[in-house]
Amino acid sequence: MSQRIIVNSNINGENIEFMADERDSLLEALRDRIGLTGVKEGCNNGNCGACAVIMDGRLVNSCCVMAAECQDASITTVEGLEKDGQLTTLQQTFLEDAALQCGICTPGFLVAATALLEFNPHPTEHEIRFWLAGNLCRCTGYDKIIRAVQHAAERA
Amino acid sequence: MQDVKYTRPTTVQEAVRLLQEGGPTARVLAGGTDIIVMARERRRDTSVFVDVKHIPELTSISFDQTAGLTLGAATPLYRIYRDETIRRLYPALVDSASLIGGTAIQGRASFGGNLANAGPAGDSIPTMMVLEGTANIVGPNGARQVKAEDFCTAPGRSVLELGEVIVSLHFPAPKPNANARYLRFIPRNEMDIAVASCATHIQLEGNNISYLKLSLGAVAATPLFVAEASTAAVGKPLNEETIAAVATVARNAARPIDDMRGSIRQRKQLSYVLAERTIRDAVHRIKGEQTEFN
Numbered sequence: 001m002s003q004r005i006i007v008n009s010n011i012n013g014e015n016i017e018f019m020a021d022e023r024d025s026l027l028e029a030l031r032d033r034i035g036l037t038g039v040k041e042g043c044n045n046g047n048c049g050a051c052a053v054i055m056d057g058r059l060v061n062s063c064c065v066m067a068a069e070c071q072d073a074s075i076t077t078v079e080g081l082e083k084d085g086q087l088t089t090l091q092q093t094f095l096e097d098a099a100l101q102c103g104i105c106t107p108g109f110l111v112a113a114t115a116l117l118e119f120n121p122h123p124t125e126h127e128i129r130f131w132l133a134g135n136l137c138r139c140t141g142y143d144k145i146i147r148a149v150q151h152a153a154e155r156a
Numbered sequence: 157m158q159d160v161k162y163t164r165p166t167t168v169q170e171a172v173r174l175l176q177e178g179g180p181t182a183r184v185l186a187g188g189t190d191i192i193v194m195a196r197e198r199r200r201d202t203s204v205f206v207d208v209k210h211i212p213e214l215t216s217i218s219f220d221q222t223a224g225l226t227l228g229a230a231t232p233l234y235r236i237y238r239d240e241t242i243r244r245l246y247p248a249l250v251d252s253a254s255l256i257g258g259t260a261i262q263g264r265a266s267f268g269g270n271l272a273n274a275g276p277a278g279d280s281i282p283t284m285m286v287l288e289g290t291a292n293i294v295g296p297n298g299a300r301q302v303k304a305e306d307f308c309t310a311p312g313r314s315v316l317e318l319g320e321v322i323v324s325l326h327f328p329a330p331k332p333n334a335n336a337r338y339l340r341f342i343p344r345n346e347m348d349i350a351v352a353s354c355a356t357h358i359q360l361e362g363n364n365i366s367y368l369k370l371s372l373g374a375v376a377a378t379p380l381f382v383a384e385a386s387t388a389a390v391g392k393p394l395n396e397e398t399i400a401a402v403a404t405v406a407r408n409a410a411r412p413i414d415d416m417r418g419s420i421r422q423r424k425q426l427s428y429v430l431a432e433r434t435i436r437d438a439v440h441r442i443k444g445e446q447t448e449f450n
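Residue numbers (this note's numbering), protein chains in the order written: chain A, 1 to 156; chain B, 157 to 450.
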């Protein structure tokens, strides 16, 4: 059996200690050990972006990170985006622009687009499409998502 | 996931010891964007991950006007393409770094990992070859340097031996009046594997080509360094005739296979076209006319 390990991380602004299997991915630890089920498992091989989180300031797919690597790391999931119970501008524009249908890809898109707007507050459409190329959506056809990001950037 | 142990060495020597102790199923863990997936899908038996990202040499970037550029092998791609010195002096490395995977992959994946995977379509390898890149490798028998063009031996196979780890990649200081460009052809703009790709590094003396190196990706069992391209170019004037001659050499050097991404005929023709375009773009860069990367 795989060894149990204890990991200390800052998750969504809170220092926490969690137990995981040594072989757990960060995705598995977030969902099954910590209960942050906003992080979605899509392909589990780094192609779809549904499990995207921000780790130490950069966007990563949590299925391609080992939980054990997160000792002393800082992680932001979709649950950590809101401020004082208020949706962020981006979350609000996703609702207004109907930038989702089934919703499975939405947490990954929100986290990825948040990382984009932090790095580049006024991206061009081309830059938005390029940045989000690692997030797959089979419902919206992407245009509504792109518009929601553009509208969030306009309001910032 | 298989039952895997996680280790986090802080020195190269400790990493080498852990790799040696773990034997053939011990795996270097840099960005993990390939090795974690391969371990999960049992395409690689894995007993130990040796996470090398806490070894300072593996994640540092240093540049010196005479010594050139040394890139820690596990430095994530986003740090490479956001580095001002690399953007200015080694734009072809930025071409490659910004084409591998999408944003979330670039947050983790590294040039060392791309090279160690030895994929025929590895987007950084043709660029490393034409920039005269060298892998600094440390193993149980000490340190050695291997040229990027000698590194890959077959799909997924390289000169790396048991217990060895790539510590850094070295690139000589930029030559005067020279520049390089990497391009690939894929059916969409991002998040795909090259149908064919090409890197060219060219130096001009007046209107004559004084130096040219060209390599191709995805058209052979390994990324392909085309030594004959230099012969066809050096000493010749930079004109349509020379560009066509070099591109013809590239097309003839390509020995691709037919697969779902492209046919032999298409890949040979792409080798020609990408050779032409990379030469023109590299010349634009020499003249300071081109700033874009993708």
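Hint data in this document are derived by calculation from the structure and do not stem from the laboratory. It should be emphasised that the depicted structure is a prediction, and the values quoted were computed from it without experimental measurement. Idealized CB from N, CA, C, for every residue including glycine. Any given hint could turn out to be false.
[What the hints assert, rightly or not] Examples of chain B residues toward chain A, derived with CB under 10 angstroms:
| hint | residue |
| --- | --- |
| 1 | K161 |
| 2 | P165 |
| 3 | G187 |
| 4 | R196 |
| 5 | E197 |
| 6 | F205 |
| 7 | D207 |
| 8 | K209 |
| 9 | P212 |
| 10 | I217 |
| 11 | F219 |
| 12 | A223 |
| 13 | G224 |
| 14 | G258 |
| 15 | T259 |
| 16 | R264 |
Hints, verified against the model:
1. K161: Holds - the Cβ of K161 (chain B) comes within 10 angstroms of chain A, reaching about 6 angstroms at its closest.
2. P165: 13 angstroms, violated
3. G187: 8 angstroms, holds
4. R196: Given a least distance of 7 angstroms, the restraint on R196 (chain B) holds.
5. E197: For E197 (chain B), the interface hint holds, since the closest Cβ of chain A sits about 7 angstroms away, which is under 10 angstroms.
6. F205: OK, holds: F205 (chain B) within 10 angstroms of chain A, min 7 angstroms.
7. D207: 6 angstroms, holds
8. K209: 8 angstroms, holds
9. P212: 16 angstroms, violated
10. I217: 15 angstroms, violated
11. F219: It is violated, given that the least Cβ distance between F219 (chain B) and chain A is near 22 angstroms, above 10 angstroms.
12. A223: 28 angstroms, violated
13. G224: 26 angstroms, violated
14. G258: With a closest approach of 2 angstroms, the G258 (chain B) hint holds.
15. T259: 5 angstroms, holds
16. R264: 5 angstroms, holds
The structure fails to meet hints 2, 9, 10, 11, 12, 13 from the earlier list, while all remaining hints are met.
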